Amino acid sequence: MKKVLNASTKAEQSAAPPQPQTLPAEEKKRLLDALETARENVKPTVKRLMESESVSTDLLSMRLEKSVRDVTG
Amino acid sequence: MSPGSTEYPLQNISVIPFPLDFASLFSRPSGLVDNNWPPDQITYLGLYLKELGCKAIIVESHYVDRDYILDLSAFYARSLRSYPNHCQRLHFLSCEFSGDQWTTLFDPVVPEPERHAIYNELKRGYLGFTAIKPLAGSPIGRTVLKTYSPTTAGGSTRFFGGIRLYQVHLGGYEFAVEGLAFQQQDQGVSACATTALWSSLHKVAHAERILVPTPAQITEAASRYLLAEGRSFPSEGLNIQQACEAIRGSGLQPLVVRSVSTEEDRAQIAAYVNSGFPPVLAIQPLAGGPGHAICAVGLKMGDSDALIAPAHHPNHTRLAESLQALYVHDDRLGPYAVAQISPWTHTQNGQTKILTALQIQWPDKTQGELSILRALIVPVPDKIRMPVSRMLASGAVLAELTGLYFTEFEHRVILNVGYLLGTKYRENARDFGLTKDGLRTLCCNKVLPRYVGVIEIMAKEGPLYDVLLDTTETRANPSTLLFVCRSAFPTSYQPALRALAEQFGTALIV
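The listed protein sequences correspond, in order, to chains A and B.
All residue numbers for the first sequence refer to my numbering, where the first residue is 2 and numbers rise by one.
All residue numbers for the second sequence refer to my numbering, where the first residue is 4 and numbers rise by one.
In case anyone wonders, no lab produced these hints; they're calculated from the structure.
All of these numbers come straight from a predicted model, not from anything done at the bench.
Even for Gly, the Cβ is constructed at its ideal location relative to N, Cα and C.
There could be a bad hint or two in this list.
Claimed, not checked - Derived DSS-like pairs: lysine-lysine, alpha-carbon spacing no greater than 25 Å straight-line:
1) B:Lys58 <-> B:Lys126
2) A:Lys44 <-> A:Lys29
3) B:Lys356 <-> A:Lys48
4) B:Lys386 <-> B:Lys427
5) A:Lys44 <-> B:Lys356
Stated by the list, open to error - To give an idea of the interface, some chain B residues facing chain A are shown, with a C-beta separation under 10 Å as derived from the structure:
6) Thr197
7) Ala199
8) Arg261
9) Asp268
10) His319
11) Ala396
12) Val513
Produce the complete structure using the sequences and hints provided.
Okay, structure coming up:
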């Protein structure tokens, strides 16, 4: 069974399509620079998202017990 | 000498027209009542059914409801009053229907095609049901109703990610309704947190093939190891920690998300609702007093074409920014109540903060109390370890980069994230415009977890690419499974996207 599986994998490899076009070096550098800028731009957003994961004991103790409506308007 | 009857009960099914005053179907309890009669839940239900176009009601006189009978055995069975062990069930129809037509369904003299036509009409007009509990102050038991239509009169779009299909049997016929179960808190075995959690579990536990716990079982599980104060029954409410314990007790895992800003809250609520994990929202009335819990079932979305990228990340915005309102199950009111979501400037001790406010619309149009969102409590399957916040964080980098590098999409990239079953993603991929090799690789040669995290990068012309994450890991960045090219992504940009995928340690499927 193992042999059959290996053979099948090799057959698929030999029929693999040609390597796709790669990105020129200077374009790759521009992409990596843009990635850095993007990371900088979203830092405050990421910080807030990480803050949403930190849950205090006070919050965990919050009672959820409201039973009737308070009409305020 | 026997203290009571042991005769088997008889069933009676009757048909009545939808009354002008829905509350007239309920008898006012005798003695003193704390609140006005009829309670808000009955008034709301009548108005909601009117909105759905209800024309007739089939009344089932004796219905054994699993939730009620287990709650009865846990609490009411030991009361001095002898509470019946059954409910009544009302089935709502949007078509005119009479008792004679109902009888026709069981008349062998009437030709089968004629009976079948009546059945089909009933199926088409079936709006859902409500179990009426024999509890004077809180009669609204398990209620599943159709949602509002997918679009509003004002052109907004409604998405109900928190609903599922319920099959209903009546007189040997099967009906179906898509919705999410709602019930009123009884303050015996359940308070608001219990019923909100119960609604959420009706979706998540059911999808995971777990038996949905009843309100009494939820309250018991919540207070098994942690009884913050008082007794478990009669229930006086839960705290967030107890709600988490109840979720763990049901075989799922709780995710607690602290409210940090309206932008982040919108994105997280939308992602969990759209993924089929209705979050329980812990809210605090602005006027003070105890907190409250509601279950978010659906979203009201505005026009995504009108979205503008904010100054702090100028190249992209989130689809969730078009979230205008939530459809919530509020046990003080009813199913699919509209809750407007907006930022709220709050000043305390000289410090100003922007908080997320929810304002629930009441049927009598009095202005509902303004509440502040404090947290989301989301029951998720055990194997989902990556929270939405991590997907959003990774997605923010990718969306911003897409607007920066692919200048064609500058300032107008839209980010959306969510969980999706791996099998469902593969099924959807048939419409992505992938090559034969690409589709075969995605569908046959890649191993996906049960739930994939999907970061969807879009522009106004359509989806550009997806990034699939392994949600069984905790961090999004080293857990990227694949980049998948979508139909609106220009072919000439593929080498750059491939290089980006390599940066994330994975491959691009085109």
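Okay, the hints, checked on the actual structure:
1. Note on lysine 58 of chain B and lysine 126 of chain B: the hinted pairing holds, with a Cα-Cα distance of about 14 Å set against a maximum of 25 Å.
2. Our distance criterion of 25 Å between C-alpha atoms is met by lysine 44 of chain A and lysine 29 of chain A, whose separation comes to about 23 Å.
3. Simply put, lysine 356 of chain B and lysine 48 of chain A have alpha-carbon atoms about 17 Å apart, close enough for the 25 Å limit, and the pair holds.
4. The hinted pair formed by lysine 386 of chain B and lysine 427 of chain B meets the criterion: a straight-line CA distance of about 17 Å does not exceed 25 Å.
5. Restraint check for lysine 44 of chain A and lysine 356 of chain B: satisfied, since their Cα atoms lie roughly 20 Å apart, inside the 25 Å limit.
6. Annotation: interface hint on threonine 197 of chain B holds; nearest CB of chain A at approximately 9 Å, less than 10 Å.
7. Annotation: alanine 199 of chain B was flagged as interfacial toward chain A, and the flag holds, the nearest CB pair being 8 Å apart, inside 10 Å.
8. This hint holds: arginine 261 of chain B has a C-beta 5 Å from the nearest C-beta of chain A, less than the 10 Å allowed.
9. Annotation: interface hint on aspartate 268 of chain B holds; nearest CB of chain A at approximately 8 Å, less than 10 Å.
10. Interface hint at histidine 319 of chain B: satisfied, since its Cβ lies 9 Å from the closest Cβ of chain A, which is below the 10 Å cut-off.
11. Taking 10 Å as the C-beta contact cut-off toward chain A, the hint placing alanine 396 of chain B at the interface holds, the least distance being around 4 Å.
12. A hinted interface residue such as valine 513 of chain B counts as satisfied when its beta carbon comes closer than 10 Å to some beta carbon of chain A; here the least separation is about 8 Å, so the hint holds.
No hint from the list above goes unmet by this structure.
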